[in-house]
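Chemist: Based on the hints, put chain B in the right spot on chain A.
Protein chains in written order, with the numbering used here: chain A, 1 to 312; chain B, 313 to 532.
Wrong hints could be hidden among the right ones.
Unchecked claim - Covered stretches of chain B (chain A as the covering partner; in silico rule of three or more C-beta atoms under 8 Å from a C-beta of chain A):
| # | region |
| --- | --- |
| 1 | 328 to 342 |
| 2 | 408 to 417 |
| 3 | 421 to 428 |
To be verified - The calculated lysine to aspartate or glutamate pairs, modelled on DMTMM-like cross-linking and capped at a C-alpha distance of 25 Å, are:
| # | chain 1 | residue 1 | chain 2 | residue 2 |
| --- | --- | --- | --- | --- |
| 4 | B | K462 | A | E292 |
| 5 | B | K322 | A | E171 |
| 6 | B | K322 | A | D166 |
| 7 | B | K462 | B | E517 |
| 8 | B | K342 | B | E475 |
| 9 | A | K28 | A | E279 |
| 10 | B | K342 | A | E279 |
| 11 | B | K342 | A | E292 |
What the hints assert, rightly or not - Chain B is faced by these chain A residues, among others (derived, beta-carbon under 10 Å):
| # | residue |
| --- | --- |
| 12 | W163 |
| 13 | D166 |
| 14 | R168 |
| 15 | H176 |
| 16 | L214 |
| 17 | Y293 |
| 18 | V306 |
Hint data in this document are derived by calculation from the structure and do not stem from the laboratory. Virtual Cβ for every residue (Gly too), placed ideally from N, Cα, C.
Here is how the chains run, residue by residue.
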Amino acid sequence: MTRALDVLQFLVLVGTAPLLSGIIGQVKARIQNRRGASVLRPYAELWKLFRKEDLIPPTASPLFRLCPVILWAATLAAAAFVPVLDTSSLLGNRGDIILLVYLLALGRFFLVQGAMDGGSSFGGMGASREAMVSTLTEAPLLLGLIAVAIVSHGTSVASIVQWTADRRLFELSSAHAFACVALVMVTIAETGRVPIDNPSTHLELTMIHEAMVLEYSGPSLALIEWASAIKLNLMLALLVALFAPWGIATSVSLPALVIAACAFLLKMTLLAVALAALESSVAKLRMYLVPEYLGMACALSVLAVVFTAFKR
Amino acid sequence: MGLVEFAAAKTLASSAVFLFITVLLIAAAKRTATCIALFAVQCAVITAQIVAMAFLHRSAEAFAVAAMVLLVKVIAIPYALLRILRRLKVSPAVTASTTPGQSVFIVAALMLLAFAVVQPYARAFALDSEMLAAATAIVLTGGFLMVSRKRALMQVIGLLVLENGIFLAALTTTFGMPFVIEMGIFFDLLVCVLLMGVFVFRIRETFEHVDVSRLRRLRG
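Excised from the complex, chain B in its bound form:
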């Protein structure tokens, strides 16, 4: 067994732990910029995982997918989000309805839930239960971020985290979707972030804040 294959196998085996830790850190982060950076780190872990898979299965398509994840999710989207954040000129704090400590506890509970739920499925289909649990936990955390965070930009991040989870679930269960669909998803995602960016700007222009919990009345 060559060194590269060994490293690839080890990357696959240990990436779930890193994903768990990034999810917890996103829940604990106090600044939006930190959340964006952590999102990029999470995507980098996923990239490493796809590259490892590509090595082990000798698939050129998977390399292409990895390159696209790197370009779109690790570089383009965080860059765009940071730009939006800078130009919005709102306070850097993540305003949440739960304190960081509570968020970490809730995310920890979601992880355990994910682990418990995934066990029978993973056993039945002989899948890596830790990876599948990580994917489920990321989906749940994304949903939790969207519910608990008040700023519009954090909800965008929540959605992206959720999408990461779905992507990861597809990757672990069926070794990724067909290449064309994968490409379509990345393109959608990029457009989605840009549109949501524009939307956040519109919210700010109309209401002079981006606090979603205060959007209660219609305004012309």
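The shape of chain A in the complex, shown without the other chains:
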């Protein structure tokens, strides 16, 4: 029963990823006074791309085809760590947060490889930018997660979530507050949202993610787009699980699961609306200001880790 539930959670996380992107796009369109495309448009787009021909540049090596697959697989594996309905998840008790972080990093590494393999100069440019952003996000992401792990005495995602779910909001310490702010900042950078990267831009001078996937087409592009949607979904779900898990089912029973599902939907929708509002109200940072932004996240996560030592 719990096993089936874990698989179901995993499938929900993977399956609703395009829907989340669709909702964010829809809310952004509404804020900009447009009607916007249907929230199901990302599914249609993926379907279209999967049926198309995969064009490979003549300069590319076999790695070019392999990279999107590895990225997608690594992101799927990372998604298996994140609890959605109850505190356990498919791999939540086996691996820990460090593995989760480096699974994401592995996917990123191969995306960068693929972008450089494509042979276009834009791909190389996007790859070098992505490499810079990801090196800078790694420290605050890891430190923020470690601060939470220290406070809850366990590095597995399941034990952290269980610990937080047993407590009330006011019982969380300042370490949690700092880690939360740092991880929100990192999530925005990591998933390529507006102050760092604009997911809907096609202006060559500023794009990061879009520049990397310029040479990809067909099923490969579909895998990359799906993987980045899953990554956004899993990062948001992870934030919810780590810092506001209340409502999550602590025992496997039907009413508890229904409540958990409603709470999760509500929290994710709120986050999606907040993200869309942020993207509509903030201008993208200049590339040279990105280290500044991530430096702040880093300072906050260092504070979070050190504050765990002062916990009463």
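Modeler: Same frame as chain A, but now just chain B:
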């Protein structure tokens, strides 16, 4: 335990975190107006804290102090500062000698310093170490803002932040100063801001800028 008492206790327990975050945001802010708004937010957190204390200790004086903080620090001073800022007609940017990232790092270091310094004292007198550390960190940050910010108005804000820290330290260690002294301090503060406002105007009229780092020569 009633709901109000519960809320009051929780407000007391968690206000230090909010104070830490406002301090970091002030260090990271890029516009003077944002700094003023954040100062008002910081004072609002302090107001909430005094109200919570007043509830728990059932003291009418503390309610009066809370009302005065609300009137003077949350409403009057930020309003006056925003007015001065508008009428000065200088660029909205905070010109600092450190970048926002560096400022956040320095303020983070100051917070840790405050925490480390406060521990033995808090243990000896059985005080809330987090609140006391927050007060000390705010004092240090106020000093840092005054040193690193170049515009005269930001130095006023730095001074106000510093004063907030001292007020908070008094509140945590001795449950506030006597009411008459408290009132005197608020009045002083208001007059102080007005005087400094006039002074900033004079600097601007004489030198046509408010950049303190360029005030190196005497001029008649």
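Chemist: Mind checking the alpha carbons of K342 of chain B and E279 of chain A for me, to see if they're no more than 25 Å apart?
Modeler: holds (19 Å)
Chemist: Using Cβ atoms only, decide whether H176 of chain A comes closer than 10 Å to chain B, and label the hint accordingly.
Modeler: Since chain B brings a Cβ to about 8 Å from H176 of chain A, closer than 10 Å, the hint holds.
Chemist: With chain B as the partner, please determine if D166 of chain A meets the hint condition of a C-beta pair closer than 10 Å.
Modeler: violated (17 Å)
Chemist: According to a criterion of three or more residues whose C-beta lies within less than 8 Å of a C-beta of chain A, is the region 408 to 417 of chain B covered?
Modeler: Coverage by chain A holds for the region 408 to 417 of chain B (6 residues, Cβ < 8 Å).
Chemist: So is the region 421 to 428 of chain B in contact with chain A by the C-beta rule, three or more residues under 8 Å, or is the coverage claim wrong?
Modeler: Since three or more residues must qualify, the claim that chain A covers the region 421 to 428 of chain B holds, with 3 doing so at under 8 Å.
Chemist: So, R168 of chain A near chain B? Judge it on the closest CB pair being under 10 Å.
Modeler: Since chain B brings a Cβ to about 9 Å from R168 of chain A, closer than 10 Å, the hint holds.
Chemist: Between K342 of chain B and E292 of chain A, does the CA-CA distance stay at or below 25 Å?
Modeler: holds (12 Å)
Chemist: Has the given pair, K342 of chain B with E475 of chain B, been kept, meaning a C-alpha gap of at most 25 Å?
Modeler: Holds - the C-alpha atoms of E475 of chain B and K342 of chain B are around 22 Å apart, at most 25 Å.
Chemist: Would the hint on Y293 of chain A be counted as holding, given a Cβ-Cβ threshold of 10 Å to chain B?
Modeler: holds (8 Å)
Chemist: Given V306 of chain A as an interface hint, is the shortest Cβ-Cβ distance to chain B below 10 Å?
Modeler: holds (6 Å)
Chemist: Taking 10 Å as the limit, does the beta-carbon of L214 of chain A come near enough to a beta-carbon in chain B?
Modeler: violated (31 Å)
Chemist: Keeping to a limit of 25 Å between CA atoms, is the pair of K462 of chain B and E517 of chain B held or broken?
Modeler: holds (17 Å)
In summary, the structure is inconsistent with hints 12, 13 and 16 from the numbered list given earlier, while agreeing with the others.
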